[in-house]
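Produce the complete structure using the sequences and hints provided.
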Amino acid sequence: MPLVIGVLLETHPGERRLSVVPDVVKKYQGLGAQVVMQRAAGRAAHFRDTDFPDVSLVDTAAEVAAAADVVFCVQPPSAATIAAMKPGSVLCGMLQPWSSAERAQQLVDGQITAFALELLPRISRAQSMDILSSQGAVAGYECALI
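Just so you know, we're using the numbering used here here: the sequence shown kicks off at 721 and counts up by one.
Among the hints, a few may not be true.
Said to hold, decoys possible - Estimated spans, in silico, between C-beta atoms of each pair:
1. Asp779 / Trp818: 30 to 36 Å
2. Ala821 / Thr770: 39 to 45 Å
3. Lys747 / Thr770: 14 to 20 Å
4. Gly734 / Arg768: 20 to 26 Å
5. Gly734 / Val828: 26 to 32 Å
6. Gly808 / Val744: 20 to 26 Å
7. Pro773 / Glu838: 26 to 32 Å
Unchecked claim - Straight-line C-alpha distance at most 20 Å; calculated SDA-like pairs for lysine to any residue:
8. Lys746 / Leu723
9. Lys746 / Met721
10. Lys747 / Pro722
Hints were generated in silico from the structure; no laboratory data involved.
Remember, predicted model here, so these are calculated numbers, not experimental data.
The beta-carbon is built from N, C-alpha and C at its ideal position, and this holds for glycine as well.
This is the structure in C-alpha cells:
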C-alpha cells in the first residue's frame, strides 16, 4: 500500500505559497507515493491543476486530510481539517505551535505527529530543511522584482 501525501489549499488571507510544487510531486510519485490535492490548491502560486499530472484532486481539505498519511501545509490547518486526519498520520508545515494550545491538544488527542518546520534547528546538518532562510530569500527576491 503506497504512502499517500496530501496537499492543502492555503486559506489564510494573503497566503500565496503552496506547500509542494509540481517538480516535487513528480519526485514523490517516482518514489511510489500517491498524492491527493485539494482542487485549485496552486492557483494563488500560479499553478494550474493540470500542472500536477496523476494527482488525485478532491474538493475539500477534509477529503485531503482523511485520505492522506502525510499532510503538507504552509499555514496551520483549521480545526476541522485536523479533526478529519487519520490517527497516526503526520502533519508537516509552518504550524505556529506557540499560537494555539487548543490546536496542539487537538493534534495530541488525534494521535497526529506534527512537525513545525519553523522550529527546526538552524544548524549545518539541518540546513536543507531550514525554511526560515529559504522563505526569507524568496521574500527578498520578490522585493527586488517589485
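To see whether the hints hold, each was checked on the structure:
no.	hint	verdict
1	Asp779 / Trp818: 30 to 36 Å	holds, 32 Å
2	Ala821 / Thr770: 39 to 45 Å	holds, 41 Å
3	Lys747 / Thr770: 14 to 20 Å	holds, 19 Å
4	Gly734 / Arg768: 20 to 26 Å	holds, 21 Å
5	Gly734 / Val828: 26 to 32 Å	holds, 30 Å
6	Gly808 / Val744: 20 to 26 Å	holds, 23 Å
7	Pro773 / Glu838: 26 to 32 Å	holds, 31 Å
8	Lys746 / Leu723	holds, 14 Å
9	Lys746 / Met721	holds, 18 Å
10	Lys747 / Pro722	holds, 14 Å
The structure fails none of the hints (numbered hints given earlier).
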